[in-house]
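Chain A is fixed; fit chain B onto it per the hints.
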Amino acid sequence: MINDSVIDRSKDITILELLDRVLNKGVILTGDIVISVADIDLIYLGVKLMLSSVETMEQLKSRRQRIEK
Amino acid sequence: MKNNLIYVYCISDRPFEFEVAEDVSGIRTIVFNNFYLIVKDVSDNEYSEENFKRNLSNIKWVEANARDHMEVITRNMENNTVIPFKFGTIYHSEESLKKFITDYSESFAENFQNIKDKQEWSVKIYCNLEILSEQIDELSEVTAALEKQIRVSSPGKAYLLERKKKQLIEEETDRLCKHFGQIYFDEFKMISDSSFLNNLLPKEYTGRTDTMILNASFLVGKNSVPEFKNISSHQTEKGKPLGFIIETLGPWPLFSFVSINEKI
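If you read the protein sequences in the order shown, they are chains A and B.
Quick note on this note's numbering: the first sequence kicks off at 1300 and runs consecutively.
Quick note on this note's numbering: the second sequence kicks off at 10 and runs consecutively.
No wet-lab data here; the hints were simulated from the structure.
The C-beta atom is built at its ideal place from N, Cα and C for all residues, glycine as well.
Just to be clear, a hint being listed does not mean it is correct.
[Stated by the list, open to error] Partial list, derived from the structure: chain B residues whose beta carbon lies under 8 angstroms from chain A: (1) Y45; (2) N64; (3) L65; (4) I68; (5) E72; (6) A75; (7) K95.
[To be verified] Cβ-to-Cβ under 8 angstroms is the rule here; a few derived chain B residues that face chain A: (8) Y100; (9) L138; (10) Y214; (11) T215; (12) F264.
Chain A on its own, in the form it takes in the complex (with noise of 0.2 angstroms):
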């Protein structure tokens, strides 16, 4: 699969594929105020319940249809 277009996919790209580069790579050295080593394990651990709480949701979806069949 092939996608040529980041800008036309951006709003399909997953939070994942978008934090790994945003957070983790560019011109990182300086600025004021930036992010630290210890906000982005923070922002990774909000990820993860995300994506957490979404698994259970549909989890809990499912089993919700198999009920009502």
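Relative to chain A, chain B alone:
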């Protein structure tokens, strides 16, 4: 609410096509020392050290602003070579930002030289281990040999060998993933100027049922992009029957291939 902090998106060594003093969303261009920066004035309420750290614990806020960061950069790289800044790089004043640019202007110039007429592409390869293991006897000599042995063994011995084979299949699919991952990677690398291996993401993060076996970024000359895409199409076709899914995406802002050397 006073917007007294400066958020930096990216920098270029050439003027931007849509250079503006300030657009509706507050984004503007700063020109300094032959460098052109896309910035936005932001408020203390959101981006002071304390408030920014608090906002980072709100994943919805992070996602919305990280997407905005990516979108502003991708929009501006359409007609220009840009070096992206990391998400959340903030300066207290224009003077402070200009001092940084002055201090690192040589390094910026060198990076612009290195990335001129090049694009960043990402390649993620996943493997459906079930599909791969169904064909294991054709792909692995050791499992094929064990299978032959099972067929001629007594039921008791065959049972024990089956158990052994189960373990062997796991080891062999792992080996084959590394083997094919390396072949795919080398093919892309051959026509790229540089490559960067990212961490493999576990399923709990990708939300997929298949397994990520390669997560790489490539710096590709604009002229080589059609060939890069051809390789991707060819690999997709070749890899599908074996359970490999190749996802190629680009061009990205050149996040992986800029290196501004810190001054000591």
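Now for the hints, and whether the structure bears them out:
Because the closest C-beta pair between Y45 of chain B and chain A is about 14 angstroms apart, greater than 8 angstroms, the hint is violated. Nearest Cβ of chain A to the Cβ of N64 of chain B: about 10 angstroms, over the 8 angstroms cut. The hint is violated. Given the 8 angstroms rule on beta carbons, the hint for L65 of chain B holds: about 5 angstroms separates it from the nearest Cβ of chain A. Evaluation of the I68 of chain B hint against chain A yields a held restraint, the C-beta minimum of about 4 angstroms falling below 8 angstroms.
The beta carbon of E72 of chain B comes within 5 angstroms of a beta carbon in chain A, closer than 8 angstroms, and the hint placing it at the interface holds. With its C-beta approaching chain A no nearer than about 5 angstroms, A75 of chain B sits inside the 8 angstroms limit, and its interface hint holds. The beta carbon of K95 of chain B is positioned within 8 angstroms of a beta carbon in chain A (closest approach about 4 angstroms), and the interface hint is therefore held. The interface hint given for Y100 of chain B is met, as the beta carbon of that residue sits about 5 angstroms from the closest beta carbon of chain A, less than 8 angstroms.
The closest approach between the C-beta of L138 of chain B and any C-beta of chain A is roughly 19 angstroms, which is over the 8 angstroms cut-off, so the hint fails. The beta carbon of Y214 of chain B is positioned within 8 angstroms of a beta carbon in chain A (closest approach about 5 angstroms), and the interface hint is therefore held. Below 8 angstroms, beta-carbon pairs count as interface contacts, and T215 of chain B has one with chain A at about 7 angstroms; its hint therefore holds. Nearest Cβ of chain A to the Cβ of F264 of chain B: about 4 angstroms, under the 8 angstroms cut. The hint holds.
Violation of the numbered hints given earlier is confined to hints 1, 2, 9; the remaining hints are satisfied by the structure.
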